[in-house]
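Protein chains: 2
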Amino acid sequence: MRMSFAETFKALSDPVRREILVLLKGAPLSAGEIGSHFDMTGATISYHLSILKKADLVWETKVKNYVYYELNTSVVEEIMLWLSDLKGDK
Amino acid sequence: MRMSFAETFKALSDPVRREILVLLKGAPLSAGEIGSHFDMTGATISYHLSILKKADLVWETKVKNYVYYELNTSVVEEIMLWLSDLKGDK
DNA sequence: AAAGTAATTAGAAAATCTTCTAAATAGGTT
DNA sequence: AACCTATTTAGAAGATTTTCTAATTACTTT
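Chains as they are written, first to last, in numbering that gives the first Met the number 0: chain L, 0 to 89; chain Y, 0 to 89.
Fair warning: there could be bad hints in the mix.
Identical copies look the same in the list; a pair holds intra-copy or inter-copy alike.
To be verified - Straight-line C-alpha distance at most 20 Å; calculated DMTMM-like pairs for lysine to aspartate or glutamate:
| no. | residue 1 | residue 2 |
| --- | --- | --- |
| 1 | Lys24 | Asp13 |
| 2 | Lys53 | Glu18 |
| 3 | Lys53 | Glu6 |
| 4 | Lys52 | Glu32 |
| 5 | Lys63 | Glu77 |
| 6 | Lys52 | Glu6 |
| 7 | Lys61 | Asp88 |
| 8 | Lys61 | Asp84 |
| 9 | Lys52 | Glu69 |
| 10 | Lys24 | Glu77 |
| 11 | Lys63 | Glu32 |
| 12 | Lys63 | Glu18 |
| 13 | Lys53 | Asp88 |
| 14 | Lys53 | Asp13 |
| 15 | Lys86 | Glu69 |
| 16 | Lys86 | Asp55 |
Simulated from the structure, these hints should not be mistaken for laboratory data.
Kindly generate the complete structure, drawing on both the sequences and the hints.
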């Protein structure tokens, strides 16, 4: 079930997590592939992925012993709508 | 001078600060008027306002011994553009 | 100038977040 | 089954954030 707005904004507030989302813009990547872009342990990447997942910003698919993550653009859209309303667009 | 994207996202990550922005949607309000909407001390509200100000999400105008805060929608627009790009809109 | 009102700053406590190491889980391969 | 590879979980350390109380600044009014 969809998590709160609050948690989505929190998920977006960390630079590592935003960079992960940008990486996923092109195509789904495994946790390991994502991790290789950062100078951090896999455990830390896993922690960030879990927050993105709880915020529904990404989906995961398990294939063999890999876990692939994919961007969920519909939640991005929700945040944009909130911002759009704030801006005063009718 | 305009603060980093990172700081703008951080500023948006707190529910109190988002509620302040919504309050300012209608019209500018003084720090005291903003504070009266929350069950928090004026010092705490002042802290949140300083973060919104540093993120350039609000402007302040001093009138008598009041400080009025006003929403700055152009920064909201910047965040929307980032999200729009993430979504994949060309 | 003294007193009052609005708001901010300083400093500290409590809560939350980020990161690590080490251990555990899960699946694939020999 | 034993071993290897990918990923997650647990637990702890360190950093950052949020909030408060008390003190300070700034401007107004008497």
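Hint check results:
1. Lys24 <-> Asp13: So lysine 24 and aspartate 13 pass the 20 Å test inside one copy only (17 Å; across, 26 Å).
2. Lys53 <-> Glu18: Classified as within: same-chain Cα gap 17 Å, cross-chain 23 Å, threshold 20 Å.
3. Lys53 <-> Glu6: So lysine 53 and glutamate 6 pass the 20 Å test inside one copy only (8 Å; across, 23 Å).
4. Lys52 <-> Glu32: Within. Shortest intra-copy distance 17 Å satisfies the 20 Å Cα cut-off; inter-copy 38 Å does not.
5. Lys63 <-> Glu77: neither (33 Å within a copy, 40 Å between copies)
6. Lys52 <-> Glu6: Classified as within; 11 Å inside a copy, 23 Å across copies.
7. Lys61 <-> Asp88: Classified as neither; 40 Å inside a copy, 28 Å across copies.
8. Lys61 <-> Asp84: Answer is neither: 37 Å inside a copy and 27 Å across each miss the 20 Å cutoff.
9. Lys52 <-> Glu69: Within. Shortest intra-copy distance 10 Å satisfies the 20 Å Cα cut-off; inter-copy 35 Å does not.
10. Lys24 <-> Glu77: Classified as both; 17 Å inside a copy, 19 Å across copies.
11. Lys63 <-> Glu32: Cα proximity of lysine 63 and glutamate 32: one copy only (15 Å, versus 57 Å across).
12. Lys63 <-> Glu18: neither (26 Å within a copy, 45 Å between copies)
13. Lys53 <-> Asp88: For lysine 53 and aspartate 88, neither the intra-copy (29 Å) nor the inter-copy (24 Å) Cα distance is at most 20 Å.
14. Lys53 <-> Asp13: both (14 Å within a copy, 17 Å between copies)
15. Lys86 <-> Glu69: Classified as between; 12 Å across copies, 29 Å inside a copy.
16. Lys86 <-> Asp55: between (24 Å within a copy, 14 Å between copies)
Hint compliance for this structure: hints 5, 7, 8, 12, 13 are not met, and every other hint is.
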